[in-house]
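Student: Chain by chain, the residues run as shown.
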Amino acid sequence: MNTHKLKQKAIDKDFLDEIAHLPGGERIIDCFQCGTCSGSCPTAHVMDHTPRRLFAMVKAGFREDVLNSNTYWYCTSCYICTVRCPRQIKITDVMYALKRIALKERYVRRKNAAGAFYSSFVDIVERDGRSFEPELMVRFMLKTDPTLLLKNAVLGLKLMKHGRLPIRRNRIKARNELRAIIRKAKSESL
Amino acid sequence: MATKQSYIYYPGCSAEATGKPYEISARAVCEHLDIELKELADWNCCGATAYLSVEDIASMAVAARNLAIAESTGLDLITPCSACYITLSKVDHYFEDYPDIRTKINNALSAAGLEYKGGVNVRHLLYVFSEDIGMERLSGMVRADLSLRVAPYYGCQVVRPFTERDSPDVPFAMDEIISALGGDVVDYPLKTKCCSGALIGIDEKTALGLAKPLIECAVRSGADCIVTCCPLCQLNLDAYQYKINKVYGTNYHIPVLFFTQLIGLAFGIDEGRLGLNMNIVPYRPAARAKGASG
Chain A
1 MNTHKLKQKA IDKDFLDEIA HLPGGERIID CFQCGTCSGS CPTAHVMDHT PRRLFAMVKA
61 GFREDVLNSN TYWYCTSCYI CTVRCPRQIK ITDVMYALKR IALKERYVRR KNAAGAFYSS
121 FVDIVERDGR SFEPELMVRF MLKTDPTLLL KNAVLGLKLM KHGRLPIRRN RIKARNELRA
181 IIRKAKSESL
Chain B
191 MATKQSYIYY PGCSAEATGK PYEISARAVC EHLDIELKEL ADWNCCGATA YLSVEDIASM
251 AVAARNLAIA ESTGLDLITP CSACYITLSK VDHYFEDYPD IRTKINNALS AAGLEYKGGV
311 NVRHLLYVFS EDIGMERLSG MVRADLSLRV APYYGCQVVR PFTERDSPDV PFAMDEIISA
371 LGGDVVDYPL KTKCCSGALI GIDEKTALGL AKPLIECAVR SGADCIVTCC PLCQLNLDAY
431 QYKINKVYGT NYHIPVLFFT QLIGLAFGID EGRLGLNMNI VPYRPAARAK GASG
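Protein chains in written order, with the numbering used here: chain A, 1 to 190; chain B, 191 to 484.
Check each hint, because a few of them may be wrong.
[Claimed, not checked] Reference excerpt, derived from the structure (chain A facing chain B, CB under 8 Å, subset only): (1) Gln33; (2) Gly35; (3) Thr76; (4) Ile80; (5) Arg87; (6) Ala113; (7) Phe117; (8) Glu133.
Since the hints were derived computationally from the structure, they do not count as laboratory data.
Here a beta-carbon is modelled for each residue, glycine too, at the ideal position from N, C-alpha and C.
Given only the sequences and the hints, what does the whole structure look like? Please build it.
Tutor: Put into C-alpha cells, the structure is as follows:
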C-alpha cells in the first residue's frame, strides 16, 4: 500500500450520501475501520488506498481522491471482503458502483486498462448478445497496447491448437429484442 | 432413480471458447448419469464482471432476460460457470431486495415482451453433483482407479457471497466428490483464494502474482493435479502456467482439470469425450509420472 497524501482541498459533504443510496452501499455509515476487508483483499498490495482507507475517505467526503484512486479498478470481484465484513457492508457492490461512476464521469486520468477491457466486453455483448473471447482480447489490446498482441501470440496459438479459440462468433437470435431491452434499461439507470 | 432429473442449462459464453473442455465433459458426465440438461432457449451473455462495472440497470436487465425465459419451465437453472452463477444469482437477489430495481428491470424487459416474476433457482453445476446426485451414487459409478492426489480449487465466485450450504471460506463439496471418486484430497488452504481471472487480461503482472501461489501451494502439497469448477480459474491456471514459469523462473507443469473431467475419468468415460486433449498442460504424462514438481 502507498501512503499517498490526499490532494482534495474541499470535502464533498454529499459523497457519503451518494454512495449510501446505491444498492449495497446502504450500510457504509456503519464501517468502524476494522480493516478486515484490507486484510482479506488479494489485491490490496497494488492499491493506492486499501479498501478500509477508501471507506474512511468516502465517509470523509474525499470524492475526487476516491475516484482518482486505482483501488476499485483492482477489485477482482472475489467477494471475500463482503462475506467477512462484520458490519455487513456489501463492499464489492460499492466497488462496482465506483467503477460505474468513474466511467460515466470519465475519471480515467491514469492509464485505465480495466475500463478499456470492460467497454470492449460491453460493446460485443450489446451487439451480439454473447461475449466472444478472441475478439474481446484483440479489441482490448488494440485499444490499450498493441504490442500485447505480439506478447500474447504464443498463448493464442496454444489455445487455438487445443481447440479453445474459435474463429466464428455466436450471436443470439433475439438481438433486436435484446437491444430494445438495453435501450429501455439505459433510460431507467439508477 | 425413478424419474429422470432435468435442469435448464445455461452454458455461458466461455463454453463456446476457452471453456470448451468443461462444456464437453459436463455434458458427457451428465449424459452418463442420465441427467437431462435442457439448454436455455436463445440465452444471452450474463454480462459478468464487466457489464455491471459499466451499467447498472442495463446489465441487470440483460442478465434477467435469461431468468425471464427460464422462469416458465419451473426447473432449476444450472450453470457450470462461477461467473455466470454469481451474476445471475446477484440479479435475482437485487430483484428480491430492491423494489425499484425490480420495477426498472421489468420495465426494460417489457420492451421485448418479457417479464420476470422472480424466484428462479439459480444453481452451480458443482452443487447438482454434491447435493442432487450425491456421493453414494457417484462412488457407485466409479469404474477406474484414480489413485490421484488432488488439490481442490474452488475459486471465489462459486462460494461467495451466495453459497449453497457450503462455507464461503472453506467449502467441502468438491473435496467430498473427489473422495467419493477414489481420489486423495491434499491439504489445500488456498482453495478459495482469488486466482485473479478478472485481472489477467488487464494487468498480467499482478494477476500472475496471484495465480503463482495457487500453483505453488498445490505442488508443495504433493498434488498430481488441481481440480476446479470455474472456467476462468482453469484458463488462468492452465493456459497461463507457462507464463508463471517464465516470470518466476519455475518449472511447474501441473495439470488443471475441470471437476467434470475428473468425474468422467473415474467413471471410465473415454478421454476423447472429456475434452482432455484440450487442456494446455497435458494430463497424462505429469499425472502418470507423479511428477508435478516445481
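Student: Hints first: check each against the structure and report whether it holds.
Tutor: Tested hints:
A cut of 8 Å between beta carbons decides the hint on Gln33/A: the least distance to chain B is about 21 Å, and the hint is violated. Given the 8 Å rule on beta carbons, the hint for Gly35/A is violated: about 17 Å separates it from the nearest Cβ of chain B. Satisfaction of the interface hint for Thr76/A is found here, the shortest Cβ-Cβ separation to chain B being roughly 4 Å, below the 8 Å cut-off. At a threshold of 8 Å, the smallest CB-CB gap from Ile80/A to chain B is about 7 Å, leaving the interface hint in force.
For Arg87/A, the interface hint is violated, the least distance from its beta-carbon to any beta-carbon of chain B being 14 Å, above 8 Å. At about 5 Å, the closest approach between the beta carbon of Ala113/A and any beta carbon in chain B falls short of 8 Å, and the interface hint on this residue holds. A distance limit of 8 Å between C-beta atoms decides the matter here; for Phe117/A the minimum to chain B is near 5 Å, and the interface restraint holds. Nearest Cβ of chain B to the Cβ of Glu133/A: about 4 Å, under the 8 Å cut. The hint holds.
Hint check: violations occur at hints 1, 2 and 5; the rest are consistent with the structure.
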